[in-house]
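**Student:** These are the residues of each chain, in order.
6 protein chains.
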Amino acid sequence: MADNWLSTLLTDTPQEGYDLAVLMVRTAVKMTQADPAVRGELRAVYGKDADALIAVSTVVAAHFQTVAAANNYWRV
Amino acid sequence: MADNWLSTLLTDTPQEGYDLAVLMVRTAVKMTQADPAVRGELRAVYGKDADALIAVSTVVAAHFQTVAAANNYWRV
Amino acid sequence: MADNWLSTLLTDTPQEGYDLAVLMVRTAVKMTQADPAVRGELRAVYGKDADALIAVSTVVAAHFQTVAAANNYWRV
Amino acid sequence: MADNWLSTLLTDTPQEGYDLAVLMVRTAVKMTQADPAVRGELRAVYGKDADALIAVSTVVAAHFQTVAAANNYWRV
Amino acid sequence: MADNWLSTLLTDTPQEGYDLAVLMVRTAVKMTQADPAVRGELRAVYGKDADALIAVSTVVAAHFQTVAAANNYWRV
Amino acid sequence: MADNWLSTLLTDTPQEGYDLAVLMVRTAVKMTQADPAVRGELRAVYGKDADALIAVSTVVAAHFQTVAAANNYWRV
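Residue numbers (my numbering), protein chains in the order written: chain A, 1 to 76; chain B, 77 to 152; chain C, 153 to 228; chain D, 229 to 304; chain E, 305 to 380; chain F, 381 to 456.
To be clear, the hints were calculated from the coordinates, so they are not data collected in a lab. Please read all numbers here as calculations on a predicted model, not as lab measurements. The beta-carbon is built from N, C-alpha and C at its ideal position, and this holds for glycine as well. Among these hints, one or two may not hold up.
Stated by the list, open to error - Okay, derived cross-link-like pairs now, DSS-like style, lysine-lysine, Cα gap no bigger than 30 Å in a straight line:
hint	chain 1	residue 1	chain 2	residue 2
1	A	LYS48	C	LYS200
2	B	LYS124	C	LYS200
3	E	LYS334	C	LYS182
4	D	LYS258	C	LYS182
5	E	LYS334	D	LYS258
6	A	LYS30	A	LYS48
7	D	LYS276	D	LYS258
What the hints assert, rightly or not - Distance windows between CB atoms, simulated:
hint	chain 1	residue 1	chain 2	residue 2	range
8	B	ARG151	C	ALA196	38 to 46 Å
9	F	ASN452	B	VAL114	38 to 46 Å
10	E	THR317	C	GLU168	18 to 26 Å
11	A	ASN4	D	ASP263	53 to 61 Å
12	C	ASP164	D	MET259	17 to 25 Å
13	C	LYS200	F	ALA414	36 to 44 Å
14	F	GLU396	D	VAL304	29 to 37 Å
15	B	ARG151	E	ALA338	37 to 45 Å
16	D	THR241	A	TRP5	40 to 48 Å
Make the full structure from the sequences, and use the hints.
**Tutor:** The structure is reproduced here in structure tokens:
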């Protein structure tokens, strides 16, 4: 994990904000399970598990709420 | 996934905002499981699973909170 | 599903707002599982499943947060 | 369920707000499962199920967020 | 449960706010399962169950959001 | 657990805010299960459990929402 992976919540577009939310979920997983081999196995499992896919979406949604608020919802 | 699928959170009506929230959930799933064949199988499963249907609703609700705030709740 | 089922988030009372939140959950389920027969079977199952009943309540609560904010919490 | 069970989100104290949040959870359950006998059986089950007890707490917390915001957090 | 257990959401420090959030979770559990003996058994179970421990954390986080907002995040 | 582990929600950067959110989750777990040996066993389990890893991410996301709001999203 890069030393400096989250220097700002501001993005140019909602889509970049969404990508940031996805990155934030992945980083949380890395901070809990540091071993990339174990993470690789887990990803193979949950990629085929509807419940896990939906659960990941829930976390993305929560981070996107934060990022969107930070950007004032990208209103002009 | 289109290169530019989320250019704005602003919609004309709450209903269009709700549709956008549904799209955002689907995109999160695509970003986690890129293979459309696997996604198709999963959809067949969770479409008949009450727990999964409810879980999907949870994520839609979270994204709708964001979209609604972005639109100032479509107050006139 | 009616073409125009969500034209506003504004309601006269908190209770009507709560009813709207329930409607929003039901619509999310419909958008994921379009077949009313399958939905009917699922409802029979989750109506007797404490976990599912509680999970539905969670989604209602999330939508009610949105509706309540839209209505400035019905403060006079 | 009384016809008029949620006429306001305003309460005098945080504790009354908390009680209102609990009421809102119970009402959501009633709206999903109308039969009091079935609800009674379910309550007997989830009252002894740690996961269900915690899940109920989650919904109470979500409604309390709404009620607390409505009351400006009971700041004087 | 004391008659008057939640008279204010205001605390002097974030840490006291966190403690209050924990108290609010415990109280929700008490309101659902009034029997302390049953609660004791459940606590023994979920104290050794990773999923339940995480679930409790979720509810604490939700209440802490409310308490933190009430205190304007303890900004000076 | 240090006596004074949460004296402020303010951090210099989003990344430090994220680290604080992770700390808040760990503290909630400690307050529910005080025995470090039991926590160690549980961590070994959920570190290899995709569902638990995702669930931890959910709680981190909730606390990060709070911390980010406290810091006005680190907007300059």
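**Student:** Confirm or reject each hint.
**Tutor:** Structure-based check of all given hints:
1. LYS48(A) with LYS200(C): Given pair LYS48(A), LYS200(C) holds - Cα atoms ~28 Å apart, limit 30 Å.
2. LYS124(B) with LYS200(C): Holds, at about 16 Å.
3. LYS334(E) with LYS182(C): Since the Cα atoms of LYS334(E) and LYS182(C) sit roughly 36 Å apart, the hinted pair is violated (cutoff 30 Å).
4. LYS258(D) with LYS182(C): Cα-Cα ~21 Å, so holds.
5. LYS334(E) with LYS258(D): Given that 30 Å is the threshold and the Cα spacing comes to 21 Å, the pair holds.
6. LYS30(A) with LYS48(A): Between LYS30(A) and LYS48(A) the Cα gap is close to 20 Å, so the pair holds against 30 Å.
7. LYS276(D) with LYS258(D): Holds, at roughly 20 Å.
8. ARG151(B) with ALA196(C): 38 to 46 Å: holds (39 Å)
9. ASN452(F) with VAL114(B): 38 to 46 Å: The hint (38 to 46 Å, Cβ to Cβ) holds, given that ASN452(F) and VAL114(B) are roughly 41 Å apart.
10. THR317(E) with GLU168(C): 18 to 26 Å: violated (40 Å)
11. ASN4(A) with ASP263(D): 53 to 61 Å: About 57 Å separates the Cβ atoms of ASN4(A) and ASP263(D), which means 53 to 61 Å holds.
12. ASP164(C) with MET259(D): 17 to 25 Å: For ASP164(C) and MET259(D) the Cβ distance comes to about 19 Å; the hint holds.
13. LYS200(C) with ALA414(F): 36 to 44 Å: With Cβ atoms ~37 Å apart, the hint holds.
14. GLU396(F) with VAL304(D): 29 to 37 Å: This hint holds: roughly 33 Å between Cβ atoms.
15. ARG151(B) with ALA338(E): 37 to 45 Å: holds (43 Å)
16. THR241(D) with TRP5(A): 40 to 48 Å: holds (44 Å)
The structure fails to meet hints 3 and 10 from the earlier list, while all remaining hints are met.
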